Amino acid sequence: MSSGTTSLTRRERRAQERFAARERGAWAPRWFWPGFSAPATIYLLVFFAFPFYVVMAVTFGSVDPILRQPVPAWNPATWSPAILTFTMSNIVHSDGLYYAAFINTFFFVGIATFLCLLIGYPFAYFLARRAGRFRALFLVAFFAPFWISYMLRMLAWISLLQDEGYVNKALEKLGVIAHPYPWLSGKPVTLILGLVYGYVPFMILPLFATLDRIPASQLEAGRDLGASPARTFRRVTLPQSRQAILAGFVICGLPMFGDYFTQQLLASTPKTRMIGNAIKDSLDVPIFVQRGAALILVLLVILVPAIMYYLWSTNRAASEITA
Amino acid sequence: MSTAAGIGSAPRGGGLREWIGNPWARTRFLWVVGIGYVLWSLIPVAEAVLFSFNSGRSITRWQGFSLRWYLGDAGSVLHDPSLQRAIVQSLKLALLTSMVAVPLGVAFALALHRWRGRGAGSANFMMLFSFVTPELILAVSLFLLVLNVFRFIGLGTAGQLVGLVVLSLAYPVIIVRARLFSLGNSYEDAAMDLGASPTRTLTRVTLPLLGPSIFASAAIIFAFVLDDFVIVNQLSRDASTETVSIAIYAAARTSPTPAVNAIGTIMLATSTLLIVIAASVYRRSARRRGEAAGVDALG
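So the sequence lines, in the order shown, correspond to chains A and B. For the first sequence, position 226 matches number 216 in this note's numbering, and the numbering has no gaps at all. For the second sequence, position 17 matches number 31 in this note's numbering, and the numbering has no gaps at all.
There may be inaccurate statements among the hints.
What the hints assert, rightly or not - Facing chain B, from chain A, some residues (calculated, C-beta under 10 angstroms): (1) Ala30; (2) Ala39; (3) Pro60; (4) Leu273.
As the list claims (entries may be wrong) - The following label-pair restraints were derived from C-beta to C-beta distances: (5) B:Arg298 <-> A:Arg203: 23 to 33 angstroms; (6) A:Pro66 <-> B:Leu85: 55 to 65 angstroms; (7) A:Ala168 <-> B:Ala88: 33 to 43 angstroms; (8) A:Thr68 <-> B:Ser294: 54 to 64 angstroms; (9) B:Gly170 <-> A:Pro260: 23 to 33 angstroms; (10) B:Asp203 <-> A:Ser70: 57 to 67 angstroms; (11) B:Ser294 <-> A:Asp271: 41 to 51 angstroms; (12) A:Asp271 <-> B:Thr286: 34 to 44 angstroms; (13) B:Arg298 <-> A:Arg4: 35 to 45 angstroms; (14) A:Ala28 <-> B:Arg298: 29 to 39 angstroms.
None of these hints come from the bench; they were simulated from the model. If you're wondering where the values come from, they're calculated on a predicted model, not measured in any experiment. Cβ atoms here follow ideal geometry from the backbone N, Cα and C, with glycine treated the same way.
Sequences and hints are given; from them, build the entire structure.
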């Protein structure tokens, strides 16, 4: 240790410098790690953040009268709010173009998300606590829908729900219905069940991850201290899964706001139109692209608080764990 | 002690009131939920796969086993060039997206793990924001981007690739960060103590240790892209850039034949095979390194 720095070779001295740097928590040059984040950061800036500006430029731009194509206005000073005003008034007035789509979306997504929680919580609890030696099997079965094509799963329901399909046959055998129920003739109930079926894994994922992490010792402690199982659940398990319920609501509910294909496949009538359908339909017609862009902005403004709250709260939860 | 145990085991008696008071304690109810959920989520899939082998044109009435929708019929997978093109396009996009998103994501994860500056927080925030933004919003904004600004990208394979990378970038970041977190710093510290430079530590120690999780994230992205619909549909140019999910969607809205089930079954088999390979590779290498079973990357 006291051999003297002069006798060290250059190589040894460099190693020693690095050691000292690491002791300070920075064993690489200052630019080294930030440099690694640069490609992904630049990519996201160009292809995730910047496109929002393009959406605004299109919304506040104009339409070429001859080509009937939207012309984006790149300079915010020249932005015209006409289309946004038009879209907004068609959302808020009950006879507007988009009023029903917005009401439907909040109604369907609200019910579907709630049903997802109702189904997802007990299943996540089961998976985390009670599956026992079959746990691995149930885990595989649970993850399967994540790699089975959504479209294939919806196609399956389309055939199951036909008038002469197996669902109607089974219900008739059980005596629940006397005649086949026309599931696929634009029924909101079919759409809601389709949304639940499609998105419930996203609810279960955070719930399972959290319930699985609650140590059994805490539950035992609750019982040893005289709490009934119900009370243990209410006072130990439920408070700890609150964060996960919130996460589940966000990652299960948010994508439903952008869903239009489930409606198209299972309940394709104007009666069950959702925001996603309104956006999709506008984009298919060049002169209405501006309206689609305006709807995207409105949707974004509605959803950003939920996204921010979710990111903020998970960030806080993460820093509590690491602290 | 004995009283506590007595209270703990009290609700064994049964009764509706108790059940309502605490259904969670009753294992039987949870087993019904567990088995019921799995049946509900997988029986439709089994039905879809089964009907790909139907010998009739119907997707609701079983008329006997045959391979006509795979090999025989004029509209079968083997004889319908548009279905084959869809499979090729799906696989091409899945491969390309993994090749672009995995390196970007792994580098980003490494940076976030080490870099504690203000920029790190903002970059991470943007990545997570892109992860929870509804796909339709991403798809439409990218659609407007490639039509109005980056016209050289345009609609088609390049546009689809750009969008899919945005969509799947978060997977390697999350998976690799979880792995870095569980690995700790000791391996890298040891390498540095032994005189390795940062670059050498990275290439000889960190990346090999991350190998299984890098592979796992590539497999997950691959399977995820095969399944994607919204981005791929919005940014496709014409029939030549349609994927399997678009083909199934289009057919399901008009008059589906079991050929659609067949193409879906082929994709299902592909991604299942891929996930099984990824999981076994991940497990084997995790075990070889003396780690606990490597499922932590999934959580």
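Chain B contact restraint on Ala30 (chain A) - CB to CB distance below 10 angstroms
The hint holds - Ala30 (chain A) has a Cβ within 10 angstroms of chain B, the shortest such distance being about 4 angstroms.
So, as I understand it, the hint says Pro60 (chain A) touches chain B; can you test that by seeing if any CB pair is closer than 10 angstroms?
With a closest approach of 8 angstroms, the Pro60 (chain A) hint holds.
Using the beta carbons of Arg298 (chain B) and Arg203 (chain A), state whether their distance is inside 23 to 33 angstroms or not.
holds (26 angstroms)
Holds or violated: the 33 to 43 angstroms window for the beta-carbon distance between Ala168 (chain A) and Ala88 (chain B)?
The hinted range 33 to 43 angstroms holds for Ala168 (chain A) and Ala88 (chain B), with Cβ atoms some 41 angstroms apart.
Closer than 10 angstroms between Cβ atoms is the bar; does Ala39 (chain A) clear it against chain B? Give me holds or violated.
Constraint on Ala39 (chain A) satisfied, holds at 7 angstroms.
The hint says 35 to 45 angstroms between Arg298 (chain B) and Arg4 (chain A); measuring C-beta to C-beta, is that right?
holds (38 angstroms)
Holds or violated: is there a CB of chain B closer than 10 angstroms to the CB of Leu273 (chain A)?
The hint holds - Leu273 (chain A) has a Cβ within 10 angstroms of chain B, the shortest such distance being about 6 angstroms.
Looking only at beta-carbon atoms, does the pair Asp271 (chain A), Thr286 (chain B) fall within the given range of 34 to 44 angstroms?
holds (35 angstroms)
For Pro66 (chain A) and Leu85 (chain B), compare the CB-CB distance with the range 55 to 65 angstroms and indicate the outcome.
holds (59 angstroms)
C-beta pair Ser294 (chain B), Asp271 (chain A): status relative to the range 41 to 51 angstroms that was hinted
holds (45 angstroms)
Range hint compliance [Cβ, Gly170 (chain B) to Pro260 (chain A), 23 to 33 angstroms]:
Given a distance of about 32 angstroms, which is inside 23 to 33 angstroms, the answer is holds.
Is the distance from the Cβ of Ala28 (chain A) to the Cβ of Arg298 (chain B) consistent with 29 to 39 angstroms?
holds (34 angstroms)
Of the numbered hints listed earlier, not one is contradicted by the structure.
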